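Chains X and P, in that order, give the protein sequences.
Heads up: the first sequence is residues 1 to 463, going by the numbering used here.
Heads up: the second sequence is residues 464 to 754, going by the numbering used here.
A few of these clues could be false.
Distance windows between CB atoms, simulated [what the hints assert, rightly or not]: (1) X:Glu414 x P:Glu606: 40 to 46 Å; (2) X:Ala168 x P:Asp667: 43 to 49 Å; (3) P:Asp573 x X:Thr250: 34 to 40 Å.
I should point out that these hints are in silico values taken from the structure, not numbers from a laboratory.
Since the model is a prediction, treat every value here as computed from it, not as a measurement.
Backbone N, C-alpha and C fix where the C-beta goes; we use that ideal spot for every residue, glycine too.
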Amino acid sequence: MALLERHVGFLEALRGAGLPVSLAEGLDAARALTVLDLVDREALRAAYATTLVKRPTHRGTFDTLFDLWFPAAVGDGVATPPAGERAERPLRTGPLTPDPVAEAMRERLFDLLLDGDEAGMRQLVREAVAAYGRSPASAPRQTWSAYAVGSALDARTLMAGLLREVLAGQDRGGLAERTARRALEDRLAVLQQMITAEVRRRLAEDAGAERVAKVAVRPPLEHLDILRATRNDLAELRRAVHPLARRLATRLAVKHKAGRRGRLDFRRTVRASLSTGGVPVRTFHRPRRPHKPELVVLCDVSDSVASFAHFTLLLAYALREQFTKVRVFAFVDNLDEVTGFFAPGVDVGDAMKRMTSEADIVWVTGRTNYGRAFDLFAEKYPDVVGPKTALLILGDARSNYGQLALPTLAKLVEAARRAHWLNPEPRRDWDTGDSAASTYDRVVPMVECRNLAQLAAFVEELA
Amino acid sequence: MSLFTSPEDARARLAAGDYLADAHIATTVFLADALGKPLLVEGPAGVGKTELAKAVAAATGADLVRLQCYEGLDEGRALYEWNYRKQLLRIQATPEGQDWNATHDDIFSDEFLLARPLLTAIRRTEPTVLLIDETDKTDVEVEGLLLEVLSDFQVTIPELGTVTAARRPFVVLTSNATRELSEALKRRCLYLYLDYPTPERERDIVLAQVPGITDALAEQLVRTVATLRALDLKKSPSIAETLDWARTLLALEADALDEEAIARTLGVVLKHVSDQNRAAKELGLPTAELG
Chain X
1 MALLERHVGF LEALRGAGLP VSLAEGLDAA RALTVLDLVD REALRAAYAT TLVKRPTHRG
61 TFDTLFDLWF PAAVGDGVAT PPAGERAERP LRTGPLTPDP VAEAMRERLF DLLLDGDEAG
121 MRQLVREAVA AYGRSPASAP RQTWSAYAVG SALDARTLMA GLLREVLAGQ DRGGLAERTA
181 RRALEDRLAV LQQMITAEVR RRLAEDAGAE RVAKVAVRPP LEHLDILRAT RNDLAELRRA
241 VHPLARRLAT RLAVKHKAGR RGRLDFRRTV RASLSTGGVP VRTFHRPRRP HKPELVVLCD
301 VSDSVASFAH FTLLLAYALR EQFTKVRVFA FVDNLDEVTG FFAPGVDVGD AMKRMTSEAD
361 IVWVTGRTNY GRAFDLFAEK YPDVVGPKTA LLILGDARSN YGQLALPTLA KLVEAARRAH
421 WLNPEPRRDW DTGDSAASTY DRVVPMVECR NLAQLAAFVE ELA
Chain P
464 MSLFTSPEDA RARLAAGDYL ADAHIATTVF LADALGKPLL VEGPAGVGKT ELAKAVAAAT
524 GADLVRLQCY EGLDEGRALY EWNYRKQLLR IQATPEGQDW NATHDDIFSD EFLLARPLLT
584 AIRRTEPTVL LIDETDKTDV EVEGLLLEVL SDFQVTIPEL GTVTAARRPF VVLTSNATRE
644 LSEALKRRCL YLYLDYPTPE RERDIVLAQV PGITDALAEQ LVRTVATLRA LDLKKSPSIA
704 ETLDWARTLL ALEADALDEE AIARTLGVVL KHVSDQNRAA KELGLPTAEL G
């Protein structure tokens, strides 16, 4: 009975986190449990994963929830010293006072990291969290902190010694060091994940899995706010762009093919109707020309939205074949054409870096000035926007209370075939502070575009 | 009827056929067999999705029936077709005076049926592994067809009646995720996402697949490949490319993977100029030979 309740609760939690788990899939999972040996926790995880999780981006959420609902251990686990002994240990007061227990752990950790022994690391993490994870501030209810464990173990400082050990005499600075460093960094990342997961498990024991799940679960990658993404997320997002572009291109190709018949070819239809006594039995159609717009991108590359501009440009360039031409103009409070930096074959990330250092985009203040940027664009590049152009403006519409140049922008929009403004801020933040979102929205339709999913939907619409 | 007795059994028998499955893969394969459900395998190109199906066939002594999907694949190519030329011949060669009904019954018989992979797999009585390769390349209509076949394992041929699987084949669908498969299809399948392997597993794969390579070189190789995969590349190196690289190094009789050896052979793993330049920069390779 307990297993059944847990099963149902787990499914509920998955659905709550946005995974589309159907009734049939839940039944499959339950059936899978009956044929497996349930002693093996990883087999249980595999059984749930294979029956319930059908998208790779949902896997992270699933693993977090699985660890909460089916914890690897209860309490301190087995190999910890009895409670009395632990209570006597003084709390760490600072990094300067050496703590023999922590030092011993660090020594063990050194060997474990060197061998990449994950089972050993997990055991050590469990002990470390039991010893150092309790935060002393709130006496009646236990709280657990990953930060405290991290600073007690302080694994980063082991790095230099580990590298020395691994390289053992080989020359530094070369390839050998790079690969070794890479492998060790990966192990440290795994360690950090283990600590977080273990702390979550302890929290869940105190507060209940449901409550911890609410805080612990992160949205899947495609729904991650680009502006709020951490450095790791950004790297992951960048990796997701190419597969996404490929998916979009396939879908667009299918769409173009679906409506293959073009307008009625009147002349040929009438000519053919002569052989049937003037009755147009067969109609003829002109072949349809695939419509390929020219893309002109005006992007705000000031610090606050640079990461967003980066992604949109990445995607636009990955989909280059869908457009006849792509031209990019970047601005902060000055505007410059940067298309040249994005020559075919050049990495867009590098191009972004070169652009910020070499292009003439900052004038005086270094703060975004939309009005000046639009005026400059209309003045310096009057012929760029034509009837075949799709004009795309990227920015958060925060003008630092500067001028807006609405008439100029209206003229540009008039000249273009279509115009859109992508705003990476959530809609509820529009018009707060110096945001001129709805003022601009009246001239150019503004679209909220916070994550990869919204960006993909928009690009599909555009091409 | 079951092919495997436990996940551990599945792992051991796949390993005997030189397919090194981790615990997750082994459990999933075991479940697909035990629950009698099709297995949908997704992942980047070259991580051994098709190999998995072949390995299951080899491990269980089953025959592999393969349906390669492509754009424009239709029922006639996937399921069955009437051999109408032969039917026409039969009608022309009808003896004088034979009644039409007899002819009709005659030309819609098994002799004139061209069974395509799906029907073949269903009608076989020996153990069978049905591999539906690159499912994402087909049109959406074919997915509908697959739904019908894979949920009930039966095919209705109007002239002959319903053919039900005498013995359920072990079905593996693979997809490169160039397009999202429909929810309905995913729901009916067990799902396995094959990603690039951990360095440890990849090293074992290299050692198993490339005879003659030393442990040290294999270790260096997979660490370097892991470093390459961590870069932002247009196309990350796959397992297949790691193996090619290992073979190349063996052929060149390189006993260690140093900067120079990498610079000379980088084209084996990275196939875009921008990727090569980026790798050269990040790994600190001598760039003279690239460009």
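Structure-based check of all given hints:
Between X:Glu414 and P:Glu606 the CB atoms are about 44 Å apart, so this pair conforms to the stated range of 40 to 46 Å. Take X:Ala168 and P:Asp667: their Cβ atoms lie about 24 Å apart, and the range 43 to 49 Å is violated. In this structure, P:Asp573 and X:Thr250 meet the distance hint of 34 to 40 Å, their C-beta atoms being roughly 39 Å apart.
Violated hints amount to a single one, hint 2; each of the other numbered hints is respected by the structure.
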